[in-house]
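*Asks:* Throw the hints in and build the complete structure from the sequences for me.
One letter stands for each residue in the lines below.
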Amino acid sequence: MLRAILSLLAIFALVFTPVQAQVTSQRLERSASEPNNWMTYSGGYNGQRYSGLSQINRNNAKKLSQVWVVQNQVPGAWESNPLVVDGIMYLTQRPNDVMALDAKTGRLFWIYHWAPDPGAQVCCGSNNRGVAILGNTLFMGTLDAHLIAIDAKTGKALWNTVVADLKKGYSITMAPLIVKDQVLVGVGGGEYGVRGFVAAFDPRSGKELWRFNVIPGPGEPGFETWEGDDWKTGGGPIWTMGSYDPVLNLVYWGTGNPGPDWNPAQRPGDNLYTDSVVALDPDTGKLKWHFQFTPNDANDYDATQVPVLADMDWNGKTAKLMLFANRNGFFYVLDRVTGKFLQGTPFVKVNWATGLDKNGRPIKTPLDNGTPVWPGNQGGTNWYPPAYSPRTGLFYFSVWENYATTYHREEAVYQPGRTFVGGAPAGISPAPGAPTVSIGRRGPIDYWTNEVGNGATVALDPRTGKRAWAFTHYDVTDAGMMTTATDLLFTGGREGYFYAFDARNGELLWKTNLGGSIVTAPITYEIDGKQYVSIIAGNILSTFALQD
Amino acid sequence: MDIHKLIPIPSRRRFTNLLGAFALGVGTTMAAPATAQDHQYSAEQIQAGYRTYVSQCQLCHGSNGDGIARVSLSRQQFPRAVTDDDIRMAITTGNAAGMPPFALKADELENLVAFVRSGMDRTGTEFRLGDARRGKAIYEKAGCAACHRLDGNGSRTAPALDDIGFIRRPGQILTSLTDPTKGTMPINRSVTIFTADGRTIHGRRFNEDTFSVQLIDQQENVLSINKSDIRRFDVSMTSQMPSYRGRLSDVELADLLAYLVSLRGK
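If you're matching them up, the sequences are chains A and B in order.
The first sequence begins at 1 in my numbering and counts up one residue at a time.
The second sequence begins at 1 in my numbering and counts up one residue at a time.
None of these hints come from the bench; they were simulated from the model.
Remember, predicted model here, so these are calculated numbers, not experimental data.
A couple of the hints might just be wrong.
[Claimed, not checked] No more than 30 Å apart at the CA atoms, straight line, and that leaves these computed lysine-lysine pairs for DSBU-like:
hint : chain 1 : residue 1 : chain 2 : residue 2
1    : A       : K349      : B       : K227
2    : A       : K340      : A       : K364
3    : A       : K349      : B       : K182
4    : B       : K182      : A       : K62
5    : A       : K232      : A       : K168
6    : A       : K104      : A       : K153
7    : A       : K288      : A       : K180
8    : A       : K232      : A       : K320
9    : A       : K511      : B       : K227
10   : A       : K167      : A       : K286
11   : A       : K168      : A       : K286
12   : A       : K466      : B       : K227
13   : B       : K227      : A       : K63
14   : A       : K207      : A       : K286
15   : A       : K358      : A       : K466
16   : A       : K530      : A       : K511
17   : A       : K320      : A       : K180
18   : A       : K340      : A       : K320
*Replies:* Put into structure tokens, the structure is as follows:
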């Protein structure tokens, strides 16, 4: 009898469940036309983290309430950026687990475990920032620098390929990016003297299709910006998400710091293409243009932001722009067709450079060893994803203000797979002479205080580089952004608050405390006519919707 | 490099059972072998030790001294070593877990010990450790308990000192004794809050965020105050703690410091 009912149900299901469509490259390119899904890391190839959903608006945001929560079972920062496709959420947890769950209830379909080789080296924690999806396949990079393809319906691995040698300090923490039926992924290891790269893989076989080395080799343009063998350990990892312009057929990546991090004297020259943004042909991996933000970097100013692509008015004409808030304290506007520098303005106190010249090259200030450097080691901003709203025309990001670092610089000795940093941040330097305190992730107790820096959620007008509005946090913030067609801006901070602001003027519309630091960006999606907003805070992923 | 890069300053109370056991061994009840004799660590030694550390030890132990499981050189957390001699021995003989023996010149070895004992203090604040047992008597005589709580005794208006040797480096603790304003941790500054409804609260913060502050006032009331109820919020940049430079002799300061360094929580 029971069996009969079950098979009846099965027939019922066959008849009435719509077939789940495949996630094709075309669908990814047109992601703006299906705002119910969040199919790529940034919610779209342009890196805007702008959603067309409009159920939650400025008037009803105060009625947001928690719908479900998932608790993470592993300690450490949870930086994963979930995807939601046709009602199913895919996310990762430390070190390399993938979960598929019902985005309406938070209940799990399956979990995939990968135990990375214990020899994997990561400077800054066993982080993973999420998966990419193409067809019915998920892709994850791992701490031990593998790329794994997983069946999105069963959670079983389809293939597993080695991207780089973990013994040389390579790792993968970023989510892959699907471009034109290829899986693109970059490597971390900027603190281990790696030679950074981004590579494309065949989604069916895992075969490498092309590779772009951030550090040019002998004979390649840019090689002349290195001396001797320095290029071999030159760093330039690619460890955060890129963006893609299907019309221009260009994929853009920010590149990481040169090695060794804090001793520029050990690697004279501009050190191309570290701390740059590179525009690549996605079919070949060939470099089309580059722009270097921080030549011969002394302060670990990786260009780690997601490049934000916006078409907006520039001097009276609609222009294809790239907006880039850099760790080095400057906000840049580039022509994304050519890479031409259009404008650059400091968004926090900067003392390592007095400004930028007409080509956007920093005019550096020589600073004695032991002099506090503004912005400090974590930068004016960092990898936390920004957002841009085509409606408000404003750029939103997390900023660390009033924050500097002093450094010890020394000769670094290269040994494969060992840290190669050339010194260390000696301390955070707030009030002169005050004892320095850790910038490491703190618990629920803030023993730092705002004396040593504070956070701000900033809305910048890209045309002027000036702040349209800012919300000052007492603690610093590593939270990403998400904005909607109803002019809401969602973000959080280390204090554990999750906020909804009026994106136009910064009015605080709603907040809730989730009890753990928010170190990732919110996403939004819709199922059965209901809009959801998800955010990770501490060890929970929490999903909100309007109260019925 | 990303946000999780650590800088070697202890955060509060994150010690393991292992350390707990260790703390008992050298804690308040027994005279710590490491401090039974007088040790002077100069700025030159500590800084030279840092250079040797970078070239010889950092590869494994990391720039924060926590690169090897069960060992934290910045917090003096060792699987076996207790005394300076033990540290010297550990360096010259190596160990089965993978540390090679080092053939260093005598002064290089001394400098390394100084650097490790300083909690890897790259600023090289010089300090001297005397006798912890005598230091305990000085603590009791000097009237520290008028402001500080320790082992369940004394006032709570100043920070409790039960684990001060674990959360701060010897050089920093010494600075707190001799030049308190320079040594103050930002969170420990005295605050005065004037509320909108006319109250004035003097106290010391436990915690603060964008919307509220948690503190203990001078009557030892534990309070949480919403910032929206605050009319004026003053943070004093001068420590209320008297300087003991001159009040205590160098020998007494060394003994007191040895005692404070041995306080590692229970």
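*Asks:* Please work out if A:K358 and A:K466 have their alpha carbons no farther apart than 30 Å.
*Replies:* OK: A:K358 and A:K466 at ~19 Å, within 30 Å.
*Asks:* With a cut-off of 30 Å on the C-alpha distance, tell me whether A:K232 and A:K320 pass.
*Replies:* 35 Å, violated
*Asks:* Keeping to a limit of 30 Å between CA atoms, is the pair of A:K207 and A:K286 held or broken?
*Replies:* 18 Å, holds
*Asks:* Mind checking the alpha carbons of A:K340 and A:K320 for me, to see if they're no more than 30 Å apart?
*Replies:* The given pair, whose Cα atoms are some 11 Å apart, holds under the 30 Å limit.
*Asks:* Between A:K349 and B:K182, does the CA-CA distance stay at or below 30 Å?
*Replies:* 25 Å, holds
*Asks:* For a C-alpha distance cap of 30 Å, please report whether A:K340 and A:K364 respect it.
*Replies:* 21 Å, holds
*Asks:* Is the hinted pair A:K466 and B:K227 satisfied, with a Cα-Cα distance of at most 30 Å?
*Replies:* Judged against 30 Å, a Cα distance of about 28 Å means the pair holds.
*Asks:* Next pair to validate is B:K227 with A:K63; report whether the Cα-Cα distance is within 30 Å.
*Replies:* Answer holds: B:K227 to A:K63 is near 24 Å, not above 30 Å.
*Asks:* Would the pair A:K530 and A:K511 pass a check requiring their Cα atoms to be no farther apart than 30 Å?
*Replies:* 20 Å, holds
*Asks:* With a cut-off of 30 Å on the C-alpha distance, tell me whether A:K511 and B:K227 pass.
*Replies:* 16 Å, holds
*Asks:* For the pair supplied as a hint, A:K167 and A:K286, confirm whether the alpha-carbon distance does not exceed 30 Å.
*Replies:* 27 Å, holds
*Asks:* Run the distance test for A:K232 versus A:K168: straight-line Cα separation, threshold 30 Å.
*Replies:* The given pair, whose Cα atoms are some 12 Å apart, holds under the 30 Å limit.
In terms of the numbered hints stated before, the structure departs from hints 4 and 8, listed from lowest to highest.
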